[in-house]
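Given chain B, put chains G and E in place with the hints provided.
Chains as they are written, first to last, in the working numbering: chain B, 1 to 289; chain G, 1001 to 1419; chain E, 2001 to 2195.
Don't read these hints as lab results, they were simulated from the structure.
All of these numbers come straight from a predicted model, not from anything done at the bench.
For glycine and all other residues, C-beta sits at the position ideal for the given N, C-alpha and C.
Worth double-checking, as some hints may not be accurate.
[Unchecked claim] Residues on chain G that point at chain B, a partial pick, calculated with CB under 7 Å:
{"hint": "1", "residue": "Glu1006"}
{"hint": "2", "residue": "Glu1009"}
{"hint": "3", "residue": "Val1050"}
{"hint": "4", "residue": "Gly1057"}
{"hint": "5", "residue": "Ile1058"}
{"hint": "6", "residue": "Gly1113"}
{"hint": "7", "residue": "Gln1116"}
{"hint": "8", "residue": "Thr1151"}
{"hint": "9", "residue": "Tyr1153"}
{"hint": "10", "residue": "Pro1328"}
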Amino acid sequence: MKPRILWISGISCYGNVHSFLTYTNIDIFLDDFEFIYHPVLDSTYTLTQIVEDVKGCDILLIDGAVSDDFMRADKSIKNIIQQYASVVEKIITVGTCATFGGIFQHSSYTGASGVHFKADELQSDFLHLRHKTISISGCPIQPEILVNTLYEIKNNMDIKLDSFLRPKEYFGYTIHNGCTRNEYFEYKVDNHNFGELEGCLYYNYGCQAPYSSGSCNKILWNEVNSKTRSGSPCFGCTEYTFPKIGLFETKKNMGIPQFLPLGVPKRAYLSIAGVTKAFTIDRLNKKLM
Amino acid sequence: MIELIEKIEGEAKLDFRFANDLIDFVEIEFLTARGIENILKNRPAMDALVINPRVCGICGHAHLIATVQALENCYENIEISQKAKIVRELTLNFELIQNHFKWFYLVILPFFGKPQDPKKAVYASSLMAKAIAVLAGQYPHNSYAIVGGITSYITNGDLIKVRSLIDECLMFFHNNLVDADIDEFWICDSIEHIFEKNGDLVDVLMKIIYNNQTDFGKSYDRFIVFGGNSYFKSGKSNKTVVNEHVKFDYVQEELIDKSYAKNVYYKNKSFEVGPLARAMVNKTPLIRDAHRKYGDSIFSRILARMCETAQLLHHSKQLIKMIDQKEPSFIKPKVDIKQISSTGISSVEAARGSLIHNIELIGGNIKNYAIITPTQWNLGCGNKKNLGVAQNAMIGLSSIDEAKLVFKSFDVCSVCTTH
Amino acid sequence: MPHKKQTKKELIIQAALELFALKGFYTTTIPDIASALKMSVGNMYNYFKSKDMLAKEIIKYISIYLGSKLQAINEEPITTKEKTKKIVQMYFETASNRPEMIDYFLRVYLSNREVFKDGCEGMACVSEFVTEVMIYFEEGVKSGELRDQDFFSAFGLFMGYLGGMVFLNGEKILPNELSFYIDDISENIYNALKK
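Looking at chain B on its own, in the form it has when it is part of the complex (with noise of 0.2 Å):
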């Protein structure tokens, strides 16, 4: 049996979408699975049916931020989410802004928020529908998270959720695990420029892979790389700040980063960070080639 899926979108770029669109094995995933409509694939019903009346369905997929004024085929976002929320057996919020509100929460909508949450704020809207969702954060998100989550729910399989709702799987790691940086982060090698392959770029560049969930650098983008490993800072894309303001700059106080690796107290990041500045490790001062 093909669990239907229904994908609207909210307030959204549908980036998620595009991203979901370089999963590779699409034609076996759309042998096991059947949209009951889609963005841009082809899908059971047009918007219009999908909206007039609930169609049987499965499992509610929404992208983009949520708002009482926003409208598809006339209907406001919010209701339709209502209307299919009772008969599916999973929600799943796919992207940052539709489990944050992101970039589009801060959008010309009133109340513009995520289904769930506004940054980290419960939003009292769909509460009693908070036990069968699972948030998959990112902007936009890993098609491989998507798809594998999926196939957890048509398993049945037991899927841990943190407290914004999101697989542990994925999201228990940081950003900053797998990061070919590592060993600069780790000497505390700060002297990076762009466009180079050595260097760290926590310290000065607004690095947010330390203290941002994710699984960048452990299923990697495209099947081939991750923004640390290209050279860009991490801009925190799956937490509920984002986007923060000053997204290439590190904000320090007195020299210190205001957000620390993730779970690392003050006194040991700084206990740390003192006694590697003690020593200059030359291989790690020295370019790669």
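Leaving out everything else, chains G and E in the frame of chain B:
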């Protein structure tokens, strides 16, 4: 008669008026807007490099490149290495190509009796997404182009990988779209040669002729290109008469009553942007031949777009050879962007046409940001006296289905239009 | 039994500090320290393998001592201005009650770098103390009371000032007790660092 057009990165409402069984007028209404320009206000300049790709999930990379160029144009003097420029052009090409494949296999095929082909669409487009990721970290939504160059160090291995992805893509093109030799296709000047070949593109073009649709989609026969680079020439073409001078000064936006989109004109006239426009300004022989026979119809538009795919793949291979590894990826600007109070305007060619970004910085923070997207050019909604390009193209057709084909041949991006 | 060894270590350190202050670092020997504690030299070497090792342990000991007092002040729910005064007070009280500690820091640690060059590179052996100073600065900037600036500029101002006063006190140049100067010095430091 109102028809909701969907699956265009959102929706649009088309209100058709018929007279004598033919479409007499059509109003185009875009229904949502997010106010990205407001989200940017007061942020530090570099934040635009993160926010702007989120204007759109399928052409966000074009927005990135337009943003970084607009920021760099705020400087009196700034040095960008040739290497950085070439890599930026490569990733932009790859985004165009992935767009074109998706459009052909997901949007166009179903109009010609074949079902949508997600497998082909995803296979081909994800090769290009991967090529972008090798150079820029990820796709969609990277911010690797920064003021002064790019963040990535490009190794020899990276370029070899990218070249093999391009080759794989060319093989796909050959095996699926047109089984012509790419070198032939590159310089081909007659559509008759296309009809001798096999492939999904050939099938669609033949169907257009067979279905007597070769008059569909004709509009003003007026084209414009702003985002000149090493492949595309900027300029305008009135039918086949090309003029290489275009100025931003003559571009004006106009609010529309009912829609969230804004119309845009050049010297008060509507112009078509996109692959057909680029081919006309470039004087691409194959497209000129199509135009000679079938004008600015859907035939020429569809052919131009898929032809551009092969040409950009071919051109990208040449670009790779021109990269000098000894050059730096990034040159730190002599003046920190925090000191900049200035304006900058830029244009790049996105998949659907010219994209224009205009930024005003005060002390390194964004005071104003204005974006004009290709869909605004093609999908303008005017009154009967000055119709938009697609409006004009739909008038005279005899059914809504025919109008939908013409509408989608322009490939609409609803989120971009209203941003 | 670890605890017993630890207190014995502290006794040795305290005795060493007093002797260094009285006789000077180079003239004091391990046998001198052992004799002051009525220990055998052999037993001494169970606790400290060499005088250089003892020297490094002492500076760490002082760092932990001052660091923990500074941490207590940092954790109080008071303003940065109030913290500044308490820090100055704490430092001057230590200089008055345990002069051998501050004396060691100024006259042994800062003045005989060759003793500390292996194993105490940079600020490795004073990290507990320096960490707390960093936290004082960082929280002051975060709360908006202190101006954001380079750490070392601020550190030099604070520590140089305090060290200088303690040095003058040691040379018996100051006409008044150290405690007399707490208010003015705290105010000077806070005014220099504040936003």
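Hint-by-hint comparison with the structure:
{"no.": "1", "hint": "Glu1006", "result": "holds, 5 Å"}
{"no.": "2", "hint": "Glu1009", "result": "holds, 5 Å"}
{"no.": "3", "hint": "Val1050", "result": "holds, 5 Å"}
{"no.": "4", "hint": "Gly1057", "result": "holds, 3 Å"}
{"no.": "5", "hint": "Ile1058", "result": "holds, 5 Å"}
{"no.": "6", "hint": "Gly1113", "result": "violated, 14 Å"}
{"no.": "7", "hint": "Gln1116", "result": "holds, 5 Å"}
{"no.": "8", "hint": "Thr1151", "result": "holds, 4 Å"}
{"no.": "9", "hint": "Tyr1153", "result": "holds, 5 Å"}
{"no.": "10", "hint": "Pro1328", "result": "holds, 6 Å"}
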